[in-house]
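A.B. asks: Chains as they are written, first to last, in my numbering: chain A, 387 to 521; chain R, 658 to 775.
For the record, the hints were derived by calculation from the structure and aren't laboratory data. Certain hints may be false.
Simulated restraints on C-beta separations [said to hold, decoys possible]:
1. Gly-456(A) - Asp-738(R): 35 to 41 Å
2. Glu-396(A) - Gly-681(R): 31 to 37 Å
3. Asn-665(R) - Asp-419(A): 54 to 60 Å
4. Asn-665(R) - Glu-396(A): 21 to 27 Å
5. Leu-661(R) - Pro-508(A): 48 to 54 Å
6. Glu-473(A) - Asp-723(R): 18 to 24 Å
7. Thr-735(R) - Gln-457(A): 41 to 47 Å
8. Ser-682(R) - Glu-474(A): 41 to 47 Å
9. Gln-457(A) - Thr-771(R): 18 to 24 Å
10. Gln-448(A) - Ser-682(R): 25 to 31 Å
11. Thr-497(A) - Ser-682(R): 41 to 47 Å
12. Val-678(R) - Met-481(A): 30 to 36 Å
Remember, predicted model here, so these are calculated numbers, not experimental data. Built from N, CA and C at the ideal position, the CB exists for glycine as well.
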Amino acid sequence: MTHLWERLLEAKSRLKPVQSKYRVLFEDPATPDEPAKVLVPDPNWMAAALEGDILPPIDTYQRDRLVPDGQPKEHPYAEPIGAMTEEEAIEYLVMKDIDPAVWRDYKGNRTIMKIVPVEMIPSDRSFRNAWRIAQ
Amino acid sequence: MSTLNVSNITDGTTSVGTGYVVNGSAKAWARYDSSSILADSFNVASTVDGATTGQTTVNFTNDMSDGNYAAQGTCNGTSGDRFVTIGAQASSSYDTYSYDNTTRTDLPVGTVVTGDLA
Numbered sequence: 387m388t389h390l391w392e393r394l395l396e397a398k399s400r401l402k403p404v405q406s407k408y409r410v411l412f413e414d415p416a417t418p419d420e421p422a423k424v425l426v427p428d429p430n431w432m433a434a435a436l437e438g439d440i441l442p443p444i445d446t447y448q449r450d451r452l453v454p455d456g457q458p459k460e461h462p463y464a465e466p467i468g469a470m471t472e473e474e475a476i477e478y479l480v481m482k483d484i485d486p487a488v489w490r491d492y493k494g495n496r497t498i499m500k501i502v503p504v505e506m507i508p509s510d511r512s513f514r515n516a517w518r519i520a521q
Numbered sequence: 658m659s660t661l662n663v664s665n666i667t668d669g670t671t672s673v674g675t676g677y678v679v680n681g682s683a684k685a686w687a688r689y690d691s692s693s694i695l696a697d698s699f700n701v702a703s704t705v706d707g708a709t710t711g712q713t714t715v716n717f718t719n720d721m722s723d724g725n726y727a728a729q730g731t732c733n734g735t736s737g738d739r740f741v742t743i744g745a746q747a748s749s750s751y752d753t754y755s756y757d758n759t760t761r762t763d764l765p766v767g768t769v770v771t772g773d774l775a
């Protein structure tokens, strides 16, 4: 199996980047006084997700998070998965790049994560340190 | 994609092992604006516009083997007192902080990573 990094090299030379029309707003339940964070998908990563046969299954990343540093990891050599829709790709990114304490384990009543269209993110950052997810 | 299996590269006079070339190349890089929106990159899955001003988390697609890699960052500016520092480093991500003089500020950042891949 070709290493993931090599597949990414090949994909970058071939695929046109895709700017996602979504963002993921989330708050860290461990630091409830902090403003909301915004996850921004990478355009080259999104192109690879939409193309298919490049990215590994999400569960390989989740198992690798439990592997101690320096030990062999599963995701670089895992069999790649097929093409995703943009919505599926965003869900994949949530599970990959956001702490499970936010999207899986949180049991409170507040909404602490939302997938939103880009247009819903304020362009004026004057009050960036006060951004919260509307309830 | 074709693959060349060679252990050394030479110009006829000087020879270098391909291991030096592979190990010395950048494993990830990214260029993003003051809102952490990526203009271009390699081996990056996403960025996170952090909870504090000037903070961005860069998430890898192909993780590094551990947190002991070299990450660097620069930011645009003509005044000469803008700079980027690197915060927490994990095998799957790292944080950048951009400053204008001593004030943490949202700025366009370019960053590059060298080290060992997972």
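A.B. asks: If any of the earlier hints don't hold here, list their numbers in rising order.
C.D. replies: As far as the earlier hints go, 2, 6 and 8 are violated by this structure, in ascending order.
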